[in-house]
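> If you want the building blocks of each chain, they are given just below.
Protein chains: 2
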Amino acid sequence: MTDTDSLQDLVAACKAASRQVAGLSTDVKNRALGRMADALVAHETAILEANARDLDAAAERGLSDAMTDRLRLTPERIQKMADALGEVAGFDDPVGQVSDVRRRPSGIEVGRMRVPLGVIAMIYEARPNVTSDAAGLCFKAGNAVVLRGGSEAAWSNRAVAAALHDALAAEGLDPAAVTLVPTTDRDAIKDLVRMSDHLDLVIPRGGEGLIRFVDEHSRVPVIKHYKGVCHLFVDETADLDVALDLLLDGKLSRPGVCNALETLLVHESVAAGFLPRAHAELAANGGEMRGDETTRQILGGGVAPATDDDYHAEYLAPIVAVRVVDGLDAALDHVARYGSQHTEVIATESVGSARRWVREVDASVVLVNASSRFSDGGELGLGAEIGISTTKLHAFGPMGLEALTTQKFVVHGAGETRHAVPPRAS
Amino acid sequence: MTDTDSLQDLVAACKAASRQVAGLSTDVKNRALGRMADALVAHETAILEANARDLDAAAERGLSDAMTDRLRLTPERIQKMADALGEVAGFDDPVGQVSDVRRRPSGIEVGRMRVPLGVIAMIYEARPNVTSDAAGLCFKAGNAVVLRGGSEAAWSNRAVAAALHDALAAEGLDPAAVTLVPTTDRDAIKDLVRMSDHLDLVIPRGGEGLIRFVDEHSRVPVIKHYKGVCHLFVDETADLDVALDLLLDGKLSRPGVCNALETLLVHESVAAGFLPRAHAELAANGGEMRGDETTRQILGGGVAPATDDDYHAEYLAPIVAVRVVDGLDAALDHVARYGSQHTEVIATESVGSARRWVREVDASVVLVNASSRFSDGGELGLGAEIGISTTKLHAFGPMGLEALTTQKFVVHGAGETRHAVPPRAS
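Chains V and R, in that order, give the protein sequences.
Position one of the first sequence corresponds to residue 469 (the numbering used here), numbered consecutively onward.
Position one of the second sequence corresponds to residue 469 (the numbering used here), numbered consecutively onward.
Hints may be right or wrong, so weigh each one.
Copies of the same chain look alike in the list, so a pair counts if it fits in one copy or across any two.
With a straight-line Cα cutoff of 20 Å, these simulated SDA-like cross-link-like pairs (lysine to any residue) come out [to be verified]:
| # | residue 1 | residue 2 |
| --- | --- | --- |
| 1 | K483 | Y806 |
| 2 | K548 | E782 |
| 3 | K692 | A480 |
| 4 | K483 | A804 |
| 5 | K692 | R662 |
| 6 | K483 | A772 |
| 7 | K483 | S808 |
| 8 | K658 | R687 |
| 9 | K692 | D537 |
| 10 | K695 | S664 |
| 11 | K483 | H802 |
| 12 | K692 | S664 |
| 13 | K548 | S664 |
| 14 | K692 | H880 |
Hints are computed from structural coordinates only; laboratory data are not their basis.
Please put together the full structure from these sequences, using the hints given.
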């Protein structure tokens with residue numbers, strides 16, 4: 469038996485289990501999620517031992533401190549993973565919701581029922597908590613899940629999956645509903661994402677290289693989340709204190725995330741009043757500006773010039789590129805050219821500017837007088853978040869449980885036919 | 469300049485036009501659709517001349533009668549194309565609809581606004597009416613469209629597109645919003661569907677070969693509509709007159725379409741009562757049965773045996789495969805194994821069986837006591853239909869205007885930040 473065969477068998481078993489998961493009542497799913505949470509805590513020793521093996525291997529391979537930290541589990545982190553599963557149990561179950569029911573002229577009654585997607589493959593990198601987080605969200609939405617974690621976390625992921633399997637079995641459910649792919653080489657990803665007969669969706673979580681690799685080889689629909697190049701436009705009517713708050717929260721509260729601000733656009737009529745304050749506040753908090761010619765004239769020599777690359781950059785650092793623009797149109801043009809369709813903010817007191825921003829900016833989250841950092845499933849009210857889609861198909865922006873489902877049409881009739889049936893022969 | 473370059477230029481121009489289309493008011497879009505309808509009629513002579521060239525070429529190449537009929541345009545058919553554009557003008561505009569608005573604990577107000585996808589590529593075969601139908605639907609939903617028709621209809625498509633361009637220009641709009649790709653070779657499809665920077669969605673319409681080819685090469689999300697292997701299950705409590713109507717309408721009213729019935733499943737307790745009548749009525753109307761052992765025992769020698777291939781078949785002909793099953797579970801298992809997730813019907817008077825069918829059948833349209841032929845955008849109330857998706861991502865089942873849009877999050881605040889901002893330095 470080749471590796472592809474055994475992978476195929478694993479995924480086929482997951483597909484078979486998906487029919488069971490799709491039919492579970494909310495109560496059973498929530499009880500199983502509670503058991504999964506308990507099992508993580510009960511398996512703490514085994515999970516920490518497995519994690520220690522991964523950490524040893526990481527040290528040998530000279531993994532960076534940041535990566536090692538992501539990989540590391542502690543009793544507290546295991547408790548957080550368990551708590552997250554408990555939270556998922558508390559979310560509304562989207563499966564079975566029926567909407568848009570109406571009677572048609574033909575007499576039939578048509579509605580749309582929310583149903584699971586089927587089997588979702590998650591492909592991710594070092595963080596072992598994704599194993600339980602993704603399993604919980606997919607399961608609550610009635611899906612089976614194939615998990616393919618990174619090689620750095622191979623032992624940890626197996627130990628976490630073993631705990632989840634115990635919980636499923638204790639609830640009398642098929643453990644294949646949560647299937648961990650044991651091989652961690654890239655060829656296995658290629659084989660996996662070609663299994664369009666068994667998989668309904670692939671979600672890669674990780675660096676741009678991983679996402680592009682998956683997208684390049686997949687025959688299954690992929691939901692991608694690429695970088696966020698998020699802008700704040702300070703309009704001529706902006707409340708400059710509000711604008712400053714949005715800049716500081718957006719850029720400094722967590723510079724390494726995708727909903728952090730990268731570029732500040734300032735209306736020329738408020739540039740001289742706003743930029744010196746913004747520069748001083750950023751500098752006082754470890755931030756840095758790179759500016760266009762006008763910005764540098766206003767601020768004097770201390771600001772490095774911003775190049776075209778700067779306007780394209782997702783810095784993941786407390787740096788902000790600055791451009792002074794002559795109005796809303798120029799700001800919209802800049803965002804259309806450099807934006808990543810992720811998250812875009814305007815600070816304005818003008819109802820007209822707010823309306824145009826909301827309508828005309830092509831991004832998954834557009835905000836008026838609110839921080840880009842609210843572009844997050846929890847903050848927007850989705851409950852949980854399994855990713856932030858930067859593609860427009862199926863889901864655009866933060867994805868919660870509903871994005872892990874689809875809708876089918878449900879029709880009730882009393883024998884209606886579309887055409888008159890032929891008169892009976894007998 | 470290579471062909472790929474010029475294709476790239478065309479698609480880039482379409483992408484540039486998409487920003488204009490996305491921002492148009494409903495009134496302007498409807499007026500432009502009216503102008504498109506008028507232009508088709510005004511260009512009738514040119515369109516018929518172009519169509520004659522395609523028909524000559526078809527005759528030379530010995531195109532089948534069915535294909536030639538699909539290709540042929542007449543004044544009546546051109547009028548129908550114009551009427552269809554007029555109908556699209558009458559549909560509700562999904563763009564700009566805001567739903568699910570709620571205040572979050574942080575104070576921000578979050579809603580979801582329906583927005584165009586951007587640029588949609590339609591790849592289709594012989595029917596020139598798809599050129600105006602697809603252009604009208606994509607345009608009404610605020611999208612620009614790249615049309616790549618088949619070589620058989622190359623002249624006709626160009627003449628239709630020229631009429632649409634005149635109408636767009638007369639309304640002061642960029643004609644690139646409806647872009648016809650002039651090359652019709654398959655390599656051009658390959659180049660086209662790799663332009664993920666410019667395209668948001670690809671919809672192939674045509675045979676399974678075309679769809680698989682597009683799916684294999686696309687780097688852009690593809691919505692597929694494969695075959696429909698649709699079942700009617702006659703439950704033990706079925707009203708047999710209703711069941712017979714559903715069978716005759718489902719199988720005979722138009723056997724060549726994807727929502728026609730292919731397989732009849734009959735509960736064993738009503739098989740002896742139902743099958744002889746069904747067989748007689750089908751036979752009286754040119755239909756044919758292929759049956760399992762039990763069916764053939766009930767009906768005697770005149771029925772050919774049904775093989776596994778029959779249960780997988782989309783006949784596109786007045787043939788129905790028949791199987792007698794021992795209950796709802798066996799029917800559900802058969803549908804899970806052989807169904808194509810398209811359209812599935814139960815005839816039953818049992819509320820319990822109806823409920824299980826609706827919940828447990830994994831198909832885009834599930835019907836109780838209503839004909840499979842209602843699985844159609846117009847009949848289900850979507851207004852128009854641009855296809856029937858058999859994949860679950862983004863759209864599942866008949867796709868109307870809404871399926872040509874997505875939703876973005878819109879947030880209004882009063883300066884809220886996610887974290888407390890640092891105290892002012894100055």
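> Under a CA distance limit of 20 Å, which applies to K692 and D537: within one copy, between copies, both, or neither?
neither (25 Å within a copy, 43 Å between copies)
> Give the relationship of K483 and A804 under a CA distance limit of 20 Å: within one copy only, between copies only, both, or neither.
between (41 Å within a copy, 12 Å between copies)
> Within a copy, between copies, both or neither: where do K483 and A772 come within 20 Å Cα-Cα?
Neither, since 55 Å and 34 Å both go past 20 Å.
> Up to 20 Å between alpha-carbons, please classify K692 paired with A480: within, between, both or neither.
Close neither inside one copy (24 Å) nor across copies (22 Å); limit 20 Å.
> How do K548 and S664 come out at 20 Å by Cα distance, when the copy is not named: within, between, both, or neither?
neither (34 Å within a copy, 39 Å between copies)
> At 20 Å max between alpha carbons, let me know whether K695 reaches S664 within a copy, between copies, both or neither.
between (27 Å within a copy, 16 Å between copies)
> When no copy is specified for K483 and S808, does a C-alpha distance of 20 Å or less occur within a copy, between copies, both, or neither?
Only across copies: K483 and S808 sit 15 Å apart there, 35 Å inside one copy, limit 20 Å.
> Treating 20 Å as the Cα threshold, decide for K483 and Y806: within, between, both or neither.
between (41 Å within a copy, 15 Å between copies)
> Given a CA cutoff of 20 Å, do K692 and R662 count as a within-copy pair, a between-copy pair, both, or neither?
Intra 17 Å, inter 16 Å, cutoff 20 Å: intra and inter.
> Between the shortest in-copy and the shortest cross-copy C-alpha distance, which are at most 20 Å for K658 and R687: within, between, both, or neither?
both (10 Å within a copy, 15 Å between copies)
> Can you give me the call for K483 and H802, within, between, both or neither, at a CA distance of at most 20 Å?
between (46 Å within a copy, 16 Å between copies)
> Is it within, between, both, or neither for K692 and S664, if the alpha carbons may be no more than 20 Å apart?
both (17 Å within a copy, 12 Å between copies)
Violated hints, listed in ascending order, are 2, 3, 6, 9, 13 and 14; each of the other numbered hints is respected by the structure.
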